[in-house]
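Guided by the hints, dock chain B onto chain A, whose structure is given.
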Amino acid sequence: MVSTVQNTDVKQKESDHAVVVAVASRAVFEPEAQGGDNVYAEGVAFPLLQALQKVNERLLEENSAESLLFDIVLITTDSQQQQQSSHLISSTKHYGLEVSRFCFSTEEDFIESLLQNNVQLFLSTDRNEVSQTSQKGVLSALLDEYTTSCPSEQLRVLFCGDAVIRPDTNPTPASRQAAQSFSAQLGKMRQRFGMSDSPLSIVLMTSCGGRDSCGGALRTLRSLGISVDEAYCLAGSPRGPILSVLRPHFVLSDCFSGLED
Amino acid sequence: MVKMSLDPVQVMSGQVTELKVAPSSNGDSRGSWEEKEEFDQDHLGLTAKPKPPKPENAVTIAVSSRVLFRTEREQKVFEQKGVEEYLRYQIEHENEPFAPGPAFPFVKALEAVNSRLRELYPQSEELFDIVLVTYNHAHVGIRLINTINHHNLFIERFCMTGGSSPIGYLKAWHTNLYLSADADKVREALAEGIAAATMFMPEKLTEVSQSQLRVAFDGDAVLFSDESERIFKAHGLDKFFEHERENEDTLLDHGPLKGFLEALGKLQKKFYAKGHRLDCPIRTFLVTARSAASSGIRALKTLRAWGLEIDEALFLAGAPKGPMLEKIRPHIYFDDQMFHVEGAAEMGTIAAHVPYGIAQKHNAKQNTGVRK
Numbered sequence: 001m002v003s004t005v006q007n008t009d010v011k012q013k014e015s016d017h018a019v020v021v022a023v024a025s026r027a028v029f030e031p032e033a034q035g036g037d038n039v040y041a042e043g044v045a046f047p048l049l050q051a052l053q054k055v056n057e058r059l060l061e062e063n064s065a066e067s068l069l070f071d072i073v074l075i076t077t078d079s080q081q082q083q084q085s086s087h088l089i090s091s092t093k094h095y096g097l098e099v100s101r102f103c104f105s106t107e108e109d110f111i112e113s114l115l116q117n118n119v120q121l122f123l124s125t126d127r128n129e130v131s132q133t134s135q136k137g138v139l140s141a142l143l144d145e146y147t148t149s150c151p152s153e154q155l156r157v158l159f160c161g162d163a164v165i166r167p168d169t170n171p172t173p174a175s176r177q178a179a180q181s182f183s184a185q186l187g188k189m190r191q192r193f194g195m196s197d198s199p200l201s202i203v204l205m206t207s208c209g210g211r212d213s214c215g216g217a218l219r220t221l222r223s224l225g226i227s228v229d230e231a232y233c234l235a236g237s238p239r240g241p242i243l244s245v246l247r248p249h250f251v252l253s254d255c256f257s258g259l260e261d
Numbered sequence: 001m002v003k004m005s006l007d008p009v010q011v012m013s014g015q016v017t018e019l020k021v022a023p024s025s026n027g028d029s030r031g032s033w034e035e036k037e038e039f040d041q042d043h044l045g046l047t048a049k050p051k052p053p054k055p056e057n058a059v060t061i062a063v064s065s066r067v068l069f070r071t072e073r074e075q076k077v078f079e080q081k082g083v084e085e086y087l088r089y090q091i092e093h094e095n096e097p098f099a100p101g102p103a104f105p106f107v108k109a110l111e112a113v114n115s116r117l118r119e120l121y122p123q124s125e126e127l128f129d130i131v132l133v134t135y136n137h138a139h140v141g142i143r144l145i146n147t148i149n150h151h152n153l154f155i156e157r158f159c160m161t162g163g164s165s166p167i168g169y170l171k172a173w174h175t176n177l178y179l180s181a182d183a184d185k186v187r188e189a190l191a192e193g194i195a196a197a198t199m200f201m202p203e204k205l206t207e208v209s210q211s212q213l214r215v216a217f218d219g220d221a222v223l224f225s226d227e228s229e230r231i232f233k234a235h236g237l238d239k240f241f242e243h244e245r246e247n248e249d250t251l252l253d254h255g256p257l258k259g260f261l262e263a264l265g266k267l268q269k270k271f272y273a274k275g276h277r278l279d280c281p282i283r284t285f286l287v288t289a290r291s292a293a294s295s296g297i298r299a300l301k302t303l304r305a306w307g308l309e310i311d312e313a314l315f316l317a318g319a320p321k322g323p324m325l326e327k328i329r330p331h332i333y334f335d336d337q338m339f340h341v342e343g344a345a346e347m348g349t350i351a352a353h354v355p356y357g358i359a360q361k362h363n364a365k366q367n368t369g370v371r372k
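Chains as they are written, first to last, in UniProt numbering: chain A, 1 to 261; chain B, 1 to 372.
Excised from the complex, chain A in its bound form (with noise of 0.2 Å):
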């Protein structure tokens, strides 16, 4: 059974024109940890949460009447959370997130409240869930302990240019359609914005292939309309003291699947 509540303390989207980003609570609390008033502490993705406003609110700077916004959505499959939902509300809106709505579903169809919210993202620090849904086709992306270092000033999207093989999933074609879907609106986000001092940071990475990779990779990002900031090819070269550096939020890499040499 899925079960919506609305945020409202937060104006609602544009549910035609917002970029919907479903996060799942237990990234964004720490259920266990709890503060005084029944408040959770701040989770690993609480940097993040606070980048997507950050864009939000640059968005409105430039243009008060803004419609593609981030939408953010929190997913809750947890049954000891859902008990708690009102200490999940409680705490939203005491750190002032701008969170426009709660989802609370079972296991079983939490996937279905992601395609009902019109999720075009969504984000956990569980593997399995991650792994379940991009089969569904709903682009999805891990998050991990790094998330929690990441600027809170500036969003940072890390493109994977080159295919990391994985043996048993395969993009299916639904999952790079939303992979794709999701840049080009990134992309356009992006473009609301000058070079410098962008909330936004769109940045590219290939770590096996050599420069014409990354070339290929750059021709491609840019024929789906997404104009990179920051671009990295490694050829081979480890990634974790490069990755340390960059500090992306969150990775994505099934728009080059299948366009890859």
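Don't take each hint at face value.
As the list claims (entries may be wrong) - With a straight-line Cα cutoff of 35 Å, these simulated DSBU-like cross-link-like pairs (lysine-lysine) come out:
1. A/LYS188 <-> B/LYS76
2. A/LYS54 <-> B/LYS327
3. B/LYS81 <-> B/LYS171
Since the hints were derived computationally from the structure, they do not count as laboratory data.
Remember, predicted model here, so these are calculated numbers, not experimental data.
This is chain B only, laid out in the frame that chain A set:
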């Protein structure tokens, strides 16, 4: 001596990367990336290019786009019309390759050394690895890649930071030397312990060797610390001589480019090991205002104690460096004093400024008689 042919398949088979299939989900976490091995597409033999070495094994030279290529016209657009117009201009001219800049001959010489190293040691990753590190926007990316292709340079790694500091990436790539046109970035790198220098385009360029990498260094405040220069600046030449004589057997402290000389020395030894001492494709020079009979002794003793060989040491005893450098024709000459850098450039030598030490507090165009 049998010359080994550069058969690409043979070269790559010695560098097999294991395909470790990790049971990961579609959404990859960044943390787990470090553990997983990559399936290297190059390994399929799809490209005839040799695989770039691991950064920790290689001597990594990071160059910025403004020193590798000539970008004066674009710089002007940026300065006069702002960043949006600059990027628009770059995209418009995307298919026009840039002309070679001051670091270009140096990079070509590094590649020549690499070819010789690959012939002698086909399995080894102890090579030069040239990385393009620029704070340019990725909009310029395609033009830069086109230019690299046009000039047939072997540069497979780059980072375009879109305006943020490249220093973190220099460290991540174990950079041994960073060359840039921006003195502030160079100073930042030096502060982080990375050898770095600012390069300038000389008005005329003398021809340099295509087959032998020739690198020249000033001594004080480049290979060595600036301690002796401080004495000279504070107390004059006599005091300097006295100090050097008294401390002849005390080693000088190391300067910012000592590590780079060391890295060159390691590669030189690889050539010597295969009988190529006389025709070694790397040659190093010390060009110092110290004099051979007195203050130079301390410098030589220090180098020897460090286990560093320098091929030619030229003690000028205060004479101008320009004519000597013109004869040496290095691919790059490192000096801490702009006076010398400019003097070298006037005579067609590609000189790089190391903004380190006490000399930075003095005006570059200071008029002097005898300079240390």
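Go through the numbered hints given earlier and state which of them the structure violates, listing their numbers in rising order.
Structure breaks hint 2 only.
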